[in-house]
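*Asks:* Take a look at the letters that make up each chain.
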Amino acid sequence: MSLQVFFLLVFGGAAVWFGIVVFLTHSMVRSALALLFSQTAIGAMFLVMQAEFLGVLQIMMMATEMSIMAIFMVMFMMDPGGLGEMDMKHQRKTSLAAGLVAFFGALAVAVFADWGPVATDIPDAGEQVRLLGFELLGRSMLIFESAGLTILTAMIAATAVAVQARERKPKP
Amino acid sequence: MSALFVAIFAPVLASFAVLLLRRHAGIIAVAGAGVAAVASAVLLAQAFSGAAATELILPGLPTYPLRLEASALTSALSMMVATVALFVLIFAVGYMKKDPEKPRFFATMLMFIAAMQMLVLSADWILLLAAWELIGVSSYLLIGFWHGKSGVAGSAMRAFIYTRSADLGLYIAAFLLIGVAGTSDISTSLATSGTAATLAGLLLLVAAMGKSAQVPLNDWLQRAMAGPTPVSALLHSATLVAAGAILLIRVAPMLPPSTLLVVGLVGGVTTVVTGLIALGEKDLKRLLAASTSSQYGLMLLAIGVGAPIVALLHLITHAAIKSGLFMGAGVFQHARGSTLMDDVAGAGRAHKRVFAGFVLAALALAGIPPLAGFFSKDAIIAATLYAPAGAGLLPLALAGTVLTGAYMARAMAQLWRGKGEAAAPSQALRWMGIGMAGPVVLAIILGAGFPALERLLGAEVATSALAAAMGLGAAGLGLVLGWFLPPAHLLGALLPWAQNGFAIAGGMDGLVARPVLALATALNRFETWLFNAVIKLGHASLRLGRASRISDEAGIDRAIFSFARRTVASGERARKLQSGLIHRQLAITIIATGILAAALFAAPLFY
Amino acid sequence: MSEWLLILALVIGVYAVAVLESWASGNRLRLLGPVVSALALLGQESVLHRKNDRLFFETSPILLLIAALLSLAIIPLAPGLIVTDLATGALFFNAALAYVLVALIMAGWGPDGAYGMIGGWRFLGQLIAFAMLVVMPITAVAMRAESLSTITIVESQAQLWNIAYQPLGFVLFAIAGMAMAFVPPFDLPNAEGELAGGVEAEYTGVRRMVFRLGRMVLILSVASAATVFYLGGWLGPWLPAWAWSAVKILAVTALMLAGGRMFPRIREGTLLAWAWKLGIPLALVNIFLVGVLVLVVPL
Amino acid sequence: MSMELIVALSMGAALFGTGVYGALSQTNLVMIMMGIELILAAALVNLVAFWRYLHPDAMEAQMFLLIVMTVMAVEMAVGFGVAIARFRSRGSVEMEEAQELKG
Numbered sequence: 000m001s002l003q004v005f006f007l008l009v010f011g012g013a014a015v016w017f018g019i020v021v022f023l024t025h026s027m028v029r030s031a032l033a034l035l036f037s038q039t040a041i042g043a044m045f046l047v048m049q050a051e052f053l054g055v056l057q058i059m060m061m062a063t064e065m066s067i068m069a070i071f072m073v074m075f076m077m078d079p080g081g082l083g084e085m086d087m088k089h090q091r092k093t094s095l096a097a098g099l100v101a102f103f104g105a106l107a108v109a110v111f112a113d114w115g116p117v118a119t120d121i122p123d124a125g126e127q128v129r130l131l132g133f134e135l136l137g138r139s140m141l142i143f144e145s146a147g148l149t150i151l152t153a154m155i156a157a158t159a160v161a162v163q164a165r166e167r168k169p170k171p
Numbered sequence: 000m001s002a003l004f005v006a007i008f009a010p011v012l013a014s015f016a017v018l019l020l021r022r023h024a025g026i027i028a029v030a031g032a033g034v035a036a037v038a039s040a041v042l043l044a045q046a047f048s049g050a051a052a053t054e055l056i057l058p059g060l061p062t063y064p065l066r067l068e069a070s071a072l073t074s075a076l077s078m079m080v081a082t083v084a085l086f087v088l089i090f091a092v093g094y095m096k097k098d099p100e101k102p103r104f105f106a107t108m109l110m111f112i113a114a115m116q117m118l119v120l121s122a123d124w125i126l127l128l129a130a131w132e133l134i135g136v137s138s139y140l141l142i143g144f145w146h147g148k149s150g151v152a153g154s155a156m157r158a159f160i161y162t163r164s165a166d167l168g169l170y171i172a173a174f175l176l177i178g179v180a181g182t183s184d185i186s187t188s189l190a191t192s193g194t195a196a197t198l199a200g201l202l203l204l205v206a207a208m209g210k211s212a213q214v215p216l217n218d219w220l221q222r223a224m225a226g227p228t229p230v231s232a233l234l235h236s237a238t239l240v241a242a243g244a245i246l247l248i249r250v251a252p253m254l255p256p257s258t259l260l261v262v263g264l265v266g267g268v269t270t271v272v273t274g275l276i277a278l279g280e281k282d283l284k285r286l287l288a289a290s291t292s293s294q295y296g297l298m299l300l301a302i303g304v305g306a307p308i309v310a311l312l313h314l315i316t317h318a319a320i321k322s323g324l325f326m327g328a329g330v331f332q333h334a335r336g337s338t339l340m341d342d343v344a345g346a347g348r349a350h351k352r353v354f355a356g357f358v359l360a361a362l363a364l365a366g367i368p369p370l371a372g373f374f375s376k377d378a379i380i381a382a383t384l385y386a387p388a389g390a391g392l393l394p395l396a397l398a399g400t401v402l403t404g405a406y407m408a409r410a411m412a413q414l415w416r417g418k419g420e421a422a423a424p425s426q427a428l429r430w431m432g433i434g435m436a437g438p439v440v441l442a443i444i445l446g447a448g449f450p451a452l453e454r455l456l457g458a459e460v461a462t463s464a465l466a467a468a469m470g471l472g473a474a475g476l477g478l479v480l481g482w483f484l485p486p487a488h489l490l491g492a493l494l495p496w497a498q499n500g501f502a503i504a505g506g507m508d509g510l511v512a513r514p515v516l517a518l519a520t521a522l523n524r525f526e527t528w529l530f531n532a533v534i535k536l537g538h539a540s541l542r543l544g545r546a547s548r549i550s551d552e553a554g555i556d557r558a559i560f561s562f563a564r565r566t567v568a569s570g571e572r573a574r575k576l577q578s579g580l581i582h583r584q585l586a587i588t589i590i591a592t593g594i595l596a597a598a599l600f601a602a603p604l605f606y
Numbered sequence: 000m001s002e003w004l005l006i007l008a009l010v011i012g013v014y015a016v017a018v019l020e021s022w023a024s025g026n027r028l029r030l031l032g033p034v035v036s037a038l039a040l041l042g043q044e045s046v047l048h049r050k051n052d053r054l055f056f057e058t059s060p061i062l063l064l065i066a067a068l069l070s071l072a073i074i075p076l077a078p079g080l081i082v083t084d085l086a087t088g089a090l091f092f093n094a095a096l097a098y099v100l101v102a103l104i105m106a107g108w109g110p111d112g113a114y115g116m117i118g119g120w121r122f123l124g125q126l127i128a129f130a131m132l133v134v135m136p137i138t139a140v141a142m143r144a145e146s147l148s149t150i151t152i153v154e155s156q157a158q159l160w161n162i163a164y165q166p167l168g169f170v171l172f173a174i175a176g177m178a179m180a181f182v183p184p185f186d187l188p189n190a191e192g193e194l195a196g197g198v199e200a201e202y203t204g205v206r207r208m209v210f211r212l213g214r215m216v217l218i219l220s221v222a223s224a225a226t227v228f229y230l231g232g233w234l235g236p237w238l239p240a241w242a243w244s245a246v247k248i249l250a251v252t253a254l255m256l257a258g259g260r261m262f263p264r265i266r267e268g269t270l271l272a273w274a275w276k277l278g279i280p281l282a283l284v285n286i287f288l289v290g291v292l293v294l295v296v297p298l
Numbered sequence: 000m001s002m003e004l005i006v007a008l009s010m011g012a013a014l015f016g017t018g019v020y021g022a023l024s025q026t027n028l029v030m031i032m033m034g035i036e037l038i039l040a041a042a043l044v045n046l047v048a049f050w051r052y053l054h055p056d057a058m059e060a061q062m063f064l065l066i067v068m069t070v071m072a073v074e075m076a077v078g079f080g081v082a083i084a085r086f087r088s089r090g091s092v093e094m095e096e097a098q099e100l101k102g
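Protein chains in written order, with numbering that gives the first Met the number 0: chain A, 0 to 171; chain B, 0 to 606; chain C, 0 to 298; chain D, 0 to 102.
Just to be clear, a hint being listed does not mean it is correct.
[Claimed, not checked] Computed beta-carbon distance windows for the label pairs:
hint : chain 1 : residue 1 : chain 2 : residue 2 : range
1    : C       : Glu2      : A       : Asp123    : 40 to 50 Å
2    : B       : Phe525    : A       : Val100    : 56 to 66 Å
3    : D       : Arg89     : B       : Arg524    : 53 to 63 Å
4    : B       : Leu57     : A       : Thr119    : 36 to 46 Å
5    : A       : Val100    : B       : Leu541    : 53 to 63 Å
6    : B       : Leu57     : C       : Ala163    : 37 to 47 Å
7    : C       : Leu234    : A       : Met154    : 32 to 42 Å
8    : C       : Pro297    : A       : Met154    : 46 to 56 Å
[Said to hold, decoys possible] Which residues of chain D face chain A? A partial, calculated answer using Cβ under 7 Å:
hint : residue
9    : Glu3
10   : Phe15
11   : Gly16
12   : Tyr20
13   : Leu39
14   : Ala42
15   : Leu46
16   : Val77
17   : Phe79
18   : Gly90
[Stated by the list, open to error] Residues from chain B that keep clear of chain D, each with C-beta distances beyond 10 Å, as calculated:
hint : residue
19   : Glu68
20   : Trp145
21   : Asp282
22   : Glu453
23   : Ser569
24   : Leu585
25   : Ile589
26   : Ala601
Since the hints were made in silico from the structure, they are not lab data.
Don't be surprised by glycine CBs; every beta carbon is placed ideally from N, CA and C.
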């Protein structure tokens, strides 16, 4: 068992555990922050897998993203602290079955598929950043730009949906 | 390169400027269109001077760059678009004078024009598809411009859906051609032959039929009259409707004879059917709309007999003429507040100068020398005459010509006969007059430019005295008939049918929408029947149970009860599938995905 | 060897920041002040609230300290005197600071007190707005250095410090850095006047000490980052490299703490409006200007 | 065969299963979004694993990762937009009460 496997197990286990906690805990803030730490652990997994830029990016983005989730939970839940005995689950059996089937299905594929030889040499972190830059602003520029445009559109659309509807001036 | 860029981006920039400034919208729009027109003129001049086709390659997908190209053909088309657009916008300055939402109107118009320029100048399928979509969207926005009025949103939606459903043909054809040719370049992919070419040709024909409003997809065009008149003038002459014909003109070299024959037949049938519709029409603008379909039918016919250049000539002529006619109709509408034939009766007497322009354009469309329409229509008839498949198509072409004369004469007669009350000339009317004068002048003089254009495009256009005589005779006959006889006499028993838009078995609505509705009704009835049956069964079993209780058989009783109850419950459960609850739908989605994945994994086992 | 040096530097730095902080707020220079107050806090009773969220309450001060310490990991004090020279160091700095936000939200939520909670949520808005203003000037800095590594960034300033090369970026970074470290006038989450201490209000004893320690490290970290990104890090004549770093970092800290006191605290809404409507466009302008400069005047 | 790849992929599978369970079992819109975030995160893990152990030279993989992160952000933005609008009009984001999509 190499060091990489060990750390993958540790961080992966943390990510999964926090992921489960998200749906176990009754406190909404806790569940949002559990998701945050799950994502952080995933970022750490990236670091273990030597994708440094992506790992740091994941860790950075998810901290703010999930904090925003936390405040929305507090805003929209009747019982954000989880002190009352509110039940917030439904169709438990179906969900559990679907989750387990999904897990075991994916696991079976991961274990039984023939993945072929594993690469050993990878570009070092600085080189990766450089190559990624060339990729983003070279061959894949169109895709990258469309992603940017998409997020802009989503921002505007979400704001438009969320702002209180104003009375439109009637046409003369 | 630069002119190419300017031709497309001048309208885009003007559009943004209009949206940002929100004032002087008309002037900015006209300036933008003017700059684009100058750029197009530069392109055309380059083409005339014999320079090689200018090309602009933009980075797109890695192996499929986006190409713009100004060859002789595309620059001529670009010039046409730019010119008509310029005049229409000038007209619109007057027409939209009182509208409170001018910026929106002009910005959308400019986007429309830019999209059309892009479509015309694009040299690869991907860009063409993008432009095609943009045209669809902006025409939807423009037709639905007065969305507050009742019925307008519906007709905009109808235009969008009709053209969209036909667009599927373009998508499949484009991807087919890209797949076969291995490149998205249009001119390279035209070398495709064999089954792929036939299939792609037919699919492209479907797309063109949708956009150019050919039978049986012609209904939306007449309903699209709900938009402002400048929109109609632009839509019918140089942009939306023209896109279909332009597409076919561009791919004509690829089409095998069998496909060409189909194209010709569709065009021929359309020109006659929609001509009859136009003759029976009660509304001036709808008459013009039907005539647009009819004229595009003639163009498809010309493509079908293997003379795409002739079709192009007629396209250009028609663009000038039809925009002029629509602007004339717009003036009459402005004066009378309606476009119903009975309402505009005599409007021509009141606006003599506008009427003169209208008459000139109408005569040009009918094909009276020396106006431009004569030359192009003559060329179509000549091409049909000498084509191998001409024997079948020639009567259709001639009938189309007669009908053109007849309905134009009818429109003119209606406008002239009746009481004329002059309205006070206004500032708005002046702008509209200027806008209209341009196309009318073009309609008169364009014929002189045809020989040069033919040389530029390198095509031999057949001429013959016989064809000229036949065309002239047909046009004259049509004009005389239309002027002196009311449509009821001309059409006879066909009149109500024609007024109904020749809704063959209910038209497109009948062919698609009504069967679907009928199917739904039938299913509903079946369901009700089933439900009733179940209930009856339940009742019956209850009765049976009651009867059986007498015979003291409690076991059967319970079984029957539970059977009835379970039947009802299973119905209830089936209803729950359509609960509208997100989590249920999500669960169904995930389960279905799982089944699909399982099927994918299982598939190799069975091969 | 260098580990011990770094730890020593950290201890001295934090102590100096604490002295400066009390000097700035209390107007008296007491060199032994931090020791005294640390001892006082150690002796204080640890108050626990009735309905607290124990997990959050206990972990948040530690998380704050860890996040601040991590953000210090990429700061080079001299060539070779750095915890880890990450290839993505400049980005990592911001990633570490993002967890300050998490710590403050936890600290605000944990003790079940109104003031604390308001403070925590306030900081959410403040950090999200100003994190942008940290990242975007750093982007411009990285553009000049053509690297995200902090050592390369310092070396890229050999000709001309970034404060002169991109002054707009420095101003934005300094303001945003102060907001990230919530020093006055950006101390909205723990404002004494209006929130009675905010997120710190419910903490006593050892927890409070850890919390304040984390805050000192955070201030030190922001000051060091400003030094590295804009003031040429260890570069300078005559003095040895580490001395230049120390001088610059302490000067920036002093300026931050003393200068901030001169401005009134800004209302939350106004602050956010400035950040989004003024700061972000300016940061974009800065990136554009630096881009042009890098191409035209490659110093 | 390598241990690393299998371990990483099974962690992804576990995250995916958790996400599916969460998205299906929760009644609250924001909680459902959390489940979806977990599903997407599982995809991220798998992507990185494939990049690292199978095609370390293909930078498209990292690019694709950025696109997935964009999708996550877009999902958050639109989801919260809808949540706010819904909370305004109905005072709750419980999905048990949302039946307007009923066919």
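*Asks:* If you test the structure against every hint from before, which numbers come out violated?
*Replies:* 1, 2, 3, 5, 8, 13, 14, 15, 18, 24, 25
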